[in-house]
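**Q** Work out the full structure: start from the sequences and follow the hints.
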Amino acid sequence: MGVLLALIPAFGWGIQPLIASKVGGSPSNQIFGTGLGSAIIGLIIYSMYGSVSGINFWISFGAGFLWSLGQVGQYISYTQIGVTRTMPITTGLQVVGTSLIGVIIFGEWTGVTAKLIGLLAIILVVIGVTFTAVQEKQQGASAKGSMTRALAVLVPTTIGYWAYGALPKAVDASGIHLFFPEMLGIFVGAIIFNLVTTKGKSFVQKESWMNGLIGIDFGISSLAYLFAAQAAGVATAFVITQLNVVVATLGGLYILHEVKTPKELTYTLSGLALIVVGSVMTAFI
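For what it's worth, our numbering labels the leading residue of the sequence shown as 1, then goes sequentially.
Derived by calculation from the structure, the hints in this document are not laboratory data.
Wrong hints could be hidden among the right ones.
27 angstroms max Cα-Cα, derived DSS-like pairs, lysine-lysine [claimed, not checked]:
1. Lys206 with Lys22
2. Lys260 with Lys22
3. Lys22 with Lys201
4. Lys115 with Lys169
5. Lys22 with Lys199
**A** Quick look at the structure:
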């Protein structure tokens, strides 16, 4: 049952960028919809399970708020380099950053063997990300410029994902009780981003509300992950959910019809394999 539950976020998180691309709209529309849908699922869970309070509430809220920063970076990057390049890069950055935070701050990967295996895993992920970013020279300077701009957005905003993964570790409470403040934080982050970028104009645009599908998908997938981790263990659930990068990248190729040369496709598929292998290694240390 735990394995089957873990397949829900693997698929659900993987189709998020596909939904965003099909529904359309600007990054402002997409993050508002994400926040709205997440808040709806959060409220449902709050009515069933309740929530933490006090400082634990605000830590969890902050984790969700910072997650919205990372998600905005993804949405912006989709418009610059597409889903097939964005997803492997952002996944690699998340795996590397979250792993290093776990080692440096929370003392994970104890022992020389664990650290060596972890280092090898990180190297594999970094090589995999590099492979997925390969672009042939004939695409010209504009393609390289787009990649540079995308990385300038993705790298700093990924800090939001790192915080989302790290902050709840400072809270002594079950994941289900952290769920509502995290989703609320995402919604508030989305509102603030829209107020800053569109002065609130995006609130009345239909694309903003249609993108609520992304938030509902994210909320359900995140909830499924909590139950999967409880049933099958965190390591097993984490490994299975890493398939989301495969779903997103292949979906970008075959559903969104993003174009890659034969050489780029070979590198991308090889890079995906390395990212998944590296992620799996970190889960079993």
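**Q** Taking the hints in turn, state whether each one holds.
**A** Against the structure, the hints come out as follows:
{"no.": "1", "hint": "Lys206 with Lys22", "verdict": "14 angstroms, holds"}
{"no.": "2", "hint": "Lys260 with Lys22", "verdict": "19 angstroms, holds"}
{"no.": "3", "hint": "Lys22 with Lys201", "verdict": "21 angstroms, holds"}
{"no.": "4", "hint": "Lys115 with Lys169", "verdict": "20 angstroms, holds"}
{"no.": "5", "hint": "Lys22 with Lys199", "verdict": "25 angstroms, holds"}
Hint compliance for this structure: every hint is met.
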